[in-house]
Amino acid sequence: MTDMLGTRRLFIAGLASITVLPFASAHATSDDLAKAIKDVVGDAPLRAGRVQLDLPPLIENGNTVPLTVRVDSPMTEADHVKAIHVFNEKNPQPHVFNAWIGPRNGRAVIGTRIKLADTQKIVAVAELSDGSFWSASADVIVTIAACIEDVN
Amino acid sequence: MANILINAPKTAKAGSTIEIKALILHPMETGFRPGTNGRIIPRNIIEDFTATWNGTEIFRMKMSPAIAANPFVSFFVIAKESGTVRLRWSGDNNFSAEESVAIAVT
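Those protein sequences? They're chains A and B, same order as listed.
Positions 40 to 191 (this note's numbering) are the ones given, in order, by the first sequence.
Positions -1 to 104 (this note's numbering) are the ones given, in order, by the second sequence.
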């Protein structure tokens, strides 16, 4: 009996090690993510806060993942969100979407569905009318990745 | 003709904030996946989505291959005057689609 248990543990450990095997080259890296964010933010400081990024922490199917970005803003002429940008860490490209809004929108909330190729970090950046940038990030676990077999 | 689904209220109180949801049937092929013959399936995505209210732009989004197939987008807008909300999608292979909804503001 103990032997069987041991084998089972070994098997489970083996499974676990298979799932964490890294995918090869076809992924964006953290460097790509940092560069994509820098292209938007420039030299302005990127502060954490005011942005809320909602997506499930555990994703069974990476092909369609609901995502909502909310920014805490009165959305008035004087103080509003100009743009919301969403980036990812390990899809083949770091961009997810860029959206431009304004005081006419009333609420700085955008919902969409995205693809995720791997367990990774998602970053949302909000550009405010006063020129400041705010961000939020979320770590998600993806059990079935969006199809991107390595073809090299 | 693309299949488009728009969910927006038919009537709204002046000054109230309403939500508009839009879904369009589109494969959003990333250009990173090999097909059954082993060759890469060419990229075919929607890149731009814009919404206008009586001609004034109220929302614009640039999509990447990371947007799921059959792109869904929801956003908010303040209802100011009665009119037409026109949604437009465009992308690879000269893809272009348009749909509009009338909203009566009281």
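What the hints contain is simulated information worked out from the structure, not anything from laboratory work.
Ideal Cβ positions, reconstructed from N, Cα and C, are used throughout, including at glycine.
Certain hints may be false.
[Said to hold, decoys possible] Quick list of simulated restraints, FRET-style, between CB atoms:
(1) A:Lys77 x B:Asn35: 23 to 31 Å
(2) A:Glu99 x B:Ile39: 21 to 29 Å
(3) B:Thr34 x A:Leu97: 26 to 34 Å
(4) A:Pro96 x B:Ile38: 26 to 34 Å
[Stated by the list, open to error] Derived coverage of chain B by chain A (criterion: at least 3 residues anywhere in the stretch with Cβ under 8 Å from a Cβ of chain A; other residues may be distant):
(5) 1 to 7
(6) 54 to 67
[What the hints assert, rightly or not] Selected chain B positions facing chain A (Cβ under 8 Å, derived; list incomplete):
(7) Thr15
(8) Phe30
(9) Phe70
Given a hint of 21 to 29 Å, does the C-beta separation of Glu99 of chain A and Ile39 of chain B actually sit inside it?
The hint (21 to 29 Å, Cβ to Cβ) holds, given that Glu99 of chain A and Ile39 of chain B are roughly 24 Å apart.
With 23 to 31 Å as the target window, see if Lys77 of chain A and Asn35 of chain B comply at their CB atoms.
39 Å, violated
Does Phe30 of chain B pass the interface hint, meaning its C-beta sits closer than 8 Å to a C-beta of chain A?
5 Å, holds
Under a C-beta cut-off of less than 8 Å, do 3 or more residues of the stretch 1 to 7 of chain B approach chain A closely enough to confirm the stated coverage?
Since three or more residues must qualify, the claim that chain A covers the stretch 1 to 7 of chain B is violated, with 0 doing so at under 8 Å.
Per the hint of 26 to 34 Å, is the separation of the Cβ atoms of Thr34 of chain B and Leu97 of chain A within bounds?
31 Å, holds
Is the gap between the beta carbons of Pro96 of chain A and Ile38 of chain B within 26 to 34 Å?
32 Å, holds
For the restraint on Thr15 of chain B, tell me whether the closest CB of chain A is nearer than 8 Å.
Holds, because the Cβ-Cβ distance from Thr15 of chain B to chain A comes to roughly 4 Å (cut-off 8 Å).
Count residues of the stretch 54 to 67 of chain B with a Cβ under 8 Å from any Cβ of chain A, then say if the count reaches three.
holds (count 13)
Interface hint compliance - Phe70 of chain B to chain A, C-beta minimum distance less than 8 Å:
The hint holds - Phe70 of chain B has a Cβ within 8 Å of chain A, the shortest such distance being about 5 Å.
This entry does not satisfy hints 1, 5, going by the numbered hints stated previously.
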